[in-house]
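On the provided structure of chain P, position chain W as indicated by the hints.
The residues making up each chain are set out below.
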Amino acid sequence: MTNAGSAERHAVPLWRDVRVLRVAAQLVVVLAVAILLGLLVRNLTGAMAQRGLSFEFAFLEQTAGFDIGESPIPYRATDTYAQAFLVGLLNTLFISILGILLATILGVMVGVARLSPNWLLSRVAAGYVELIRNTPLLVQLFIIFFAVLSQLPAVRDSIALPGSIFLNQRGLFVPGPQLAATFAPWLALVAAGVAGAVATWAFARRRGAASRPSYHLRTIGLLALGVIAVVGWIVLAPVRFDVPVLGRFNFTGGLALSSSFTALLVGLVIYTAAFIGEVVRGGVQSVRRGQLEAARALGLSEGQILRLVIIPQALRVIVPPLTSQYLNLTKNSSLAIAVGYPDVFKIGVTMANQTGQPVPVIALVMGTYLTISLVTSLLMNLYNRRVQVLER
Amino acid sequence: MSVETLPPPRTTIGPIAWLRRNLFSGWVSSLMTSLVVGLLLVLAINIGQWALTEARWDVVSRNLRLFLVGQYPADQLWRIWLALALLSVLTGASAGLFGRTSRTLAFALSALQALLAALVLASSLGPVAAVLLAVNAAAVWIGFVLGVRRLVPRRLLVYAWIASLPLSFVLLSGIADTPMPSIGSNLWGGLLLTVLIAAVGIVLSFPMGVLLALGRRSTLPAVRILSTGYIELIRGVPLVTILFMADVMLPFFLPGDLRIDRVARAMGGVVLFSAAYLAENVRGGLQAIPSGQIEAAHALGLNTVQTNIHIVLPQALRAVIPANVGLFISLLKDTTLVTIVGLLELLGIGRAVLAQPASLGATMEVYVFVAVVFFVLCYAMSQASYRLERELGVGTR
Chain P
123 MTNAGSAERH AVPLWRDVRV LRVAAQLVVV LAVAILLGLL VRNLTGAMAQ RGLSFEFAFL
183 EQTAGFDIGE SPIPYRATDT YAQAFLVGLL NTLFISILGI LLATILGVMV GVARLSPNWL
243 LSRVAAGYVE LIRNTPLLVQ LFIIFFAVLS QLPAVRDSIA LPGSIFLNQR GLFVPGPQLA
303 ATFAPWLALV AAGVAGAVAT WAFARRRGAA SRPSYHLRTI GLLALGVIAV VGWIVLAPVR
363 FDVPVLGRFN FTGGLALSSS FTALLVGLVI YTAAFIGEVV RGGVQSVRRG QLEAARALGL
423 SEGQILRLVI IPQALRVIVP PLTSQYLNLT KNSSLAIAVG YPDVFKIGVT MANQTGQPVP
483 VIALVMGTYL TISLVTSLLM NLYNRRVQVL ER
Chain W
8 MSVETLPPPR TTIGPIAWLR RNLFSGWVSS LMTSLVVGLL LVLAINIGQW ALTEARWDVV
68 SRNLRLFLVG QYPADQLWRI WLALALLSVL TGASAGLFGR TSRTLAFALS ALQALLAALV
128 LASSLGPVAA VLLAVNAAAV WIGFVLGVRR LVPRRLLVYA WIASLPLSFV LLSGIADTPM
188 PSIGSNLWGG LLLTVLIAAV GIVLSFPMGV LLALGRRSTL PAVRILSTGY IELIRGVPLV
248 TILFMADVML PFFLPGDLRI DRVARAMGGV VLFSAAYLAE NVRGGLQAIP SGQIEAAHAL
308 GLNTVQTNIH IVLPQALRAV IPANVGLFIS LLKDTTLVTI VGLLELLGIG RAVLAQPASL
368 GATMEVYVFV AVVFFVLCYA MSQASYRLER ELGVGTR
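As they're listed, the protein sequences go chains P and W.
My numbering applies: residue 123 is where the first sequence begins, and numbers increase by one.
My numbering applies: residue 8 is where the second sequence begins, and numbers increase by one.
In case anyone wonders, no lab produced these hints; they're calculated from the structure.
Remember, predicted model here, so these are calculated numbers, not experimental data.
Just so you know, not all the hints are guaranteed correct.
[Unchecked claim] Stretches of chain W that chain P covers, calculated by requiring three or more beta carbons in the stretch to come under 8 Å of a beta carbon on chain P:
no.: 1; region: 96 to 105
no.: 2; region: 343 to 351
no.: 3; region: 364 to 374
We treat Cβ as the ideally placed atom computed from N, Cα and C, and that holds for glycine.
Looking at chain W on its own, in the form it has when it is part of the complex:
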């Protein structure tokens, strides 16, 4: 009886084995792989050819100022760069003081501004703006060093964050009869307006959302019914209808002589809208608090308000940070809807640019540029939120 010769073992490590296991594990898988590769090749060739040879990207570089800041006066642009510098330093300092995730965010902010500086250099905005943006990109790292060296007290940083939004607003809108004349919000536009609406939306809706969430979980029936009613009412209707109401109907609801400008009206609509969604996020966090915590707090003699402020909210809010980043991303995307009520945020500016005779036929270029800007911002934030989720250990503790 002869010894049977065994074939050599199939490779189980190395690139060939990886390919065989992950791409060609059977005839179905092989067919799928070939199909997908073919599809990707066709797509890549077509898109690459269009983007590199046919697309007229000059429509973007020519109008970059409009895309970034709308019709904000050119000689007052330093105010925007200054506000951005404030944000950069604060983000950098927070990254230095706090954990890893804000470090990612700070890095992203710095990289974005450096990228923007390069873009600006190739556009109508000129070298000065590019240099200022590069300085801002560096300011993130200055703030970072300050934070790492513990040169900024924690408390100061928190107060600075709280003050930063009103400060930026004053900086942007200006004060009459000073070196910074007031600039009406009708001149704000582009990415500036997009980010402002989203930031105001999330910041101002925060206290309202927390109150609504507490109200929905309250043991007082009247409070609970009112909160639930508000949340469900807002969540049951599309944002466009709320924006339309804020735009058209708000003047009806206000006392006769009170006028609110369009941007503020849209912001108000966004705040009312996002408060309901934020409340639902916070409610999720509240439900995750074991009832033993609350019972223990009561046993220690804390009343309901003290229990909420010292025991429940710190834990609940910490748990819902990733969900709130998600909410902020969808809010940033939803700001495009203010185009429908006639504001010139990034997408609205895109439409305005396309109305110029010179941009005839560049529809795809303009909208692809807008889409790419949103993608970069949202993708960076969603990656940060994944990291945050892991760092906070939500669901694993």
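Only chain P is shown next, with the shape it has when bound in the complex:
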């Protein structure tokens, strides 16, 4: 055996041995990439040394010295670059999460409208999708920001919308929620209700698999929980809405959304919703007709068909492309720079210009986006695994 094996090994010359070739090919590729990267890095260090720069993040400790229009955390110009960067990161996350929520809601509505048996509604939804998908997001943002929001009347002549909402050049002023002292008791009440429900459910489950809580029992439980929450909300009034009031120069109180934030949010939501609408439509249409017919034959109601047959199967198709739409929205939020919203990219550009250190700053910004993307796809993949069919 060993003799035969060694004879065979000698029969194949080294340059035709697949195993040798595989290793050699990989070595060549790795070497080529390493040489290319090495050249680039050599050039980079040379150019940076020439300009008296270095690849260090020490500048993060220095005073930033620039103001940021809007920030979820307290920030002053005397704070460090690191804090300014954190503000940008939080702004990016804030607008992305809010955008994803709203775009999902609008997108599902568009997708459902597209599938509506009402011909007019489905044509209008299709027109919306075509119009939005075939024009660049940046042009849409420019139209919303420069041609609409910037042309609005001045603060003094604000457009008043029902529900104490005001719209003017500076942005959107809406009633802001403020937590009252009764918020904690209300939250405790709801938490107790949820805990009770979970405990009951666990208890019922332990009673045996045969005596699973019936569907009606579950509905009644959820309904009771909802009633507790709503009645508690009315009686305790845990959240007070602070209404914006026109002062001498500007509105005070309430929640002020700057026009750059509003433009970016509206633009991202309208744009992404068109894509999500198509994703939803594709997902629902992927459910085979036979499934619907079988469900009807079994006597399920339309609501049950939707909940038990269509949605579970459509979700399998929807989740992966939906993930990439969420990622696109997050990446597209970097267009904030065009309308002046201080997101992580805009603050990064300001930092790069001020410090004269574009290389580490851009590395930091790219690393940030990469991390956000990876975390988002990780979460969505976990969810995807839940909705995928279990192959047995």
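Showing chain W alone in chain P's frame:
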């Protein structure tokens, strides 16, 4: 017992029945229809009134040359029309030689140029440009006839397509000390620059994307890891950051005396970016190839390279053509981002036009015009890609 009189049957055909079935099938549907009709009426009246009476479209006609070609010298415009004529003839000939979908594209190209000729006639560009554009529109049909009559060999057409991009580049940038003096890319702009960046982006990223896709599916771990790393890295960051890096950081990465102009830097950024997305499209096509094809090729004694070139890629690339048209559409839309690094493509020209004192207050007009141009281009291409999908029978075979 008397016979019960039955009411006449409800109509099941005809326009009334159609309305009842599709618009008023129940009270919810009726309510929805009325709401949508009301909304559409309000929108149509407002938009129509604005567009026909209030909007100052002269800001577009006055600056049409800027919108189309940027600051390209007026006396050298024939070079652009010539490059366009080359594209027209080639598209027409391909439409004649190949299938129905390229016929749609050729028709769209011809119609667009005829439309443009009419627009140009009403603008500052003058009648000569309009006539030349009309000639180009006709050139599509000349090419079409040549193709249908089989007067152009297939092979020649393929070579002509390959040569057309560098040829157009030479034509546009010119050669010093000739009747076509060189014109710096800083003077290129408008729609010309938009289309050039998108075309260069898709064409140059193609070989890179195919290699990356093959690399990602390779059995060699080092190749696979490097390809996957590149693709995921690029797809994880926004295009603006890559453009910004290409604009600001590229000089750092190049040897000291090498200078690359801004347009080329932006194009480089776009190529690096779209290669990663193209690779993912191609990977989809590669995965659709049944493994039996590859095993059969190996059994016939083809090595890996031969298998890829003769068996796998022809099938995979054919399957991903519609997806690549989609990529080209999004690339065309994404070219607007070069405005952010200061290039004057269509949107950038729009901003520049708005900076003129004479265009004060015409913000909506300018951006709506830009949006309409993008819409026409992208919509035509997306329709072509739907047809292509049906023609190639992707997913039905």
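Against chain P, does the region 343 to 351 of chain W show at least 3 residues with beta-carbon separation below 8 Å? holds (count 4)
Given coverage of the region 364 to 374 of chain W by chain P, checked by CB-CB distance under 8 Å (3 or more): Three-residue rule met by the region 364 to 374 of chain W, so holds; n is 3.
With a C-beta cutoff of 8 Å, work out whether three or more residues of the region 96 to 105 of chain W approach chain P closely enough for the coverage to hold. violated (count 0)
The structure fails hint 1 only (numbered hints given earlier).
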